[in-house]
Each structure stands twice: as structure tokens, then as C-alpha cells.
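Chemist: Sequence:
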Amino acid sequence: MQKQNSLLANWKDIMTSALGGSSGKGVENAQFRDQQFPTASKHIAIESQGDEFWPLSGKPYFTMILAKSHVQPLYQLTLPAKMTAILPSLEIPAFLTYKGKEWQMVYHGEVCKGKRFDTNWKKFAIDNKLKVGDGCVFELIECSSEKIKFKVQILRGDIPCKFEDKTNGESENMPIIIE
1 MQKQNSLLAN WKDIMTSALG GSSGKGVENA QFRDQQFPTA SKHIAIESQG DEFWPLSGKP
61 YFTMILAKSH VQPLYQLTLP AKMTAILPSL EIPAFLTYKG KEWQMVYHGE VCKGKRFDTN
121 WKKFAIDNKL KVGDGCVFEL IECSSEKIKF KVQILRGDIP CKFEDKTNGE SENMPIIIE
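Numbering-wise (full-length UniProt numbering), the sequence shown opens with residue 1 and increments by one.
It is worth saying that the hints were derived from the structure and are not from the lab. Heads up, a few of these hints could be off.
Dumping the calculated DSS-like pairs for lysine-lysine here, alpha-carbon to alpha-carbon at most 25 Å [unchecked claim]:
#: 1; residue 1: LYS101; residue 2: LYS129
#: 2; residue 1: LYS147; residue 2: LYS82
#: 3; residue 1: LYS99; residue 2: LYS147
#: 4; residue 1: LYS115; residue 2: LYS59
Just the calculated beta-carbon pair ranges, DEER-fashion [to be verified]:
#: 5; residue 1: ASP127; residue 2: SER69; range: 12 to 20 Å
#: 6; residue 1: GLY58; residue 2: LYS131; range: 24 to 32 Å
#: 7; residue 1: LYS99; residue 2: ASN173; range: 36 to 44 Å
#: 8; residue 1: THR97; residue 2: GLY133; range: 20 to 28 Å
#: 9; residue 1: GLN104; residue 2: VAL132; range: 21 to 29 Å
#: 10; residue 1: GLN76; residue 2: GLY100; range: 23 to 31 Å
#: 11; residue 1: LYS129; residue 2: LEU74; range: 17 to 25 Å
#: 12; residue 1: ASN173; residue 2: GLY58; range: 23 to 31 Å
#: 13; residue 1: SER145; residue 2: PRO80; range: 14 to 22 Å
#: 14; residue 1: ASN173; residue 2: GLN104; range: 31 to 39 Å
#: 15; residue 1: LEU74; residue 2: GLY157; range: 27 to 35 Å
Glycine is no exception: its CB is placed at the ideal position from the N, C-alpha and C atoms.
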């Protein structure tokens, strides 16, 4: 458990660094005056091994380190309470965009516990070859009582091959050593 908490803390640091520091608002700081958000004035993309990364625009976002339940049957993605607090408590269309492609699903915001995306989340996960340990940043681009839209960044959790021969990293006694 300690190793998992350490891994999550490291991913959070990596995500914050990769996405331009504290340029975005975490959901704990999110306040909406308008239901419709303006689009970002400038889109800056950084190409890194085929994946697209850009600084956050200042809109609310949440991060998620993917677990088995997210990327294997039953393919469930429950949104964090801090994010659902600012989303409509309705069952409405939701859209996830990544690399110029859009996936439609339903956001179940009317349930008391576990506000989540419907089973169409599975298509997003499979189409993007998501795996346990991948990190995702979901930036809320549009929010109304009619629909919600998130722009997604995916940070692959794979260990670069140049480090794989150092050790297997499966236990505290066999850590991954990066020189």
C-alpha cells in the first residue's frame, strides 16, 4: 500500500510538471460563474512519443491513475466527488476528446453514490489502449445542463525500455533504479 501511495504521489508530480505546473485550476479551486466556458485562447501542443500534451487552460480538471476496474471488465470510471460537485446532477450526454477524436457517453450525475460515465467509457479505454498505471487528466471544457465535455490527456505508465534491464521493480527489495 505504501508503494502504491508513493507511486500515485510521483504520478501527480509528473502530471503537474508535464502539464505546465499549476496553470490549471484543480477541482478544489473550481468555481463556475457561467455554465458555458470560453475556449482556450491559445492551444499549445507538445508532441512526445506520439501522445499530445499541452498546458492546462485554467478550467477545472481532475487526474486519475487508472486501475483494473477502469480498463478491464466492468470498465467503470467513477468521477471524484470534488468534480461531481460542480457538474449537473443529471443524466446527460458527455463527450471525451483526445487527439482530435471524440467519444460520446452518458454521465450519470443523478445517482447519489458513484457518479460515473456509462459503459461507453469502455470504447474510449479500448480505442486508446489504456492500461493499469496510465495517468489521465480530464479538463472540463464545457458544462451545461445539456452536456459536458472533457479534453483528455493520457500519460502512459509504461517504464521506458532503457530502464527495464536495471531491475523489475516488483518489490521494495528490487526497486527500479534510474541513474
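Chemist: Please go over all the hints and tell whether each is borne out by the structure.
Modeler: We went through each hint and held it up to the structure:
For the suggested pair LYS101 and LYS129, the alpha carbons sit about 14 Å apart, so the restraint of at most 25 Å is met. At roughly 18 Å between alpha-carbon atoms, LYS147 and LYS82 fall within 25 Å of each other, so this suggested pair holds. Taking the CA atoms of LYS99 and LYS147, the gap is about 20 Å. The hint holds against a cut of 25 Å. Restraint check for LYS115 and LYS59: satisfied, since their Cα atoms lie roughly 20 Å apart, inside the 25 Å limit.
The hinted window of 12 to 20 Å between ASP127 and SER69 holds, with their beta carbons roughly 18 Å apart. Between GLY58 and LYS131 the CB atoms are about 30 Å apart, so this pair conforms to the stated range of 24 to 32 Å. The hint said 36 to 44 Å for the Cβ distance between LYS99 and ASN173, and at roughly 39 Å that hint holds. At about 23 Å, the beta-carbon gap between THR97 and GLY133 stays in the expected band of 20 to 28 Å.
For the pair GLN104 and VAL132, the supplied restraint of 21 to 29 Å holds, since their beta-carbon distance comes to about 25 Å. About 26 Å separates the C-beta atoms of GLN76 and GLY100, a value consistent with the hinted range of 23 to 31 Å. For the hinted restraint 17 to 25 Å between LYS129 and LEU74, the CB-CB distance of approximately 18 Å keeps it satisfied. Checked against the hint of 23 to 31 Å, the C-beta distance between ASN173 and GLY58 comes to roughly 44 Å, which is inconsistent with it.
At roughly 21 Å, the beta carbons of SER145 and PRO80 sit within the given window of 14 to 22 Å. Between ASN173 and GLN104 the CB atoms are about 46 Å apart, so this pair departs from the stated range of 31 to 39 Å. Checked against the hint of 27 to 35 Å, the pair LEU74 and GLY157 fails, with Cβ atoms roughly 21 Å apart.
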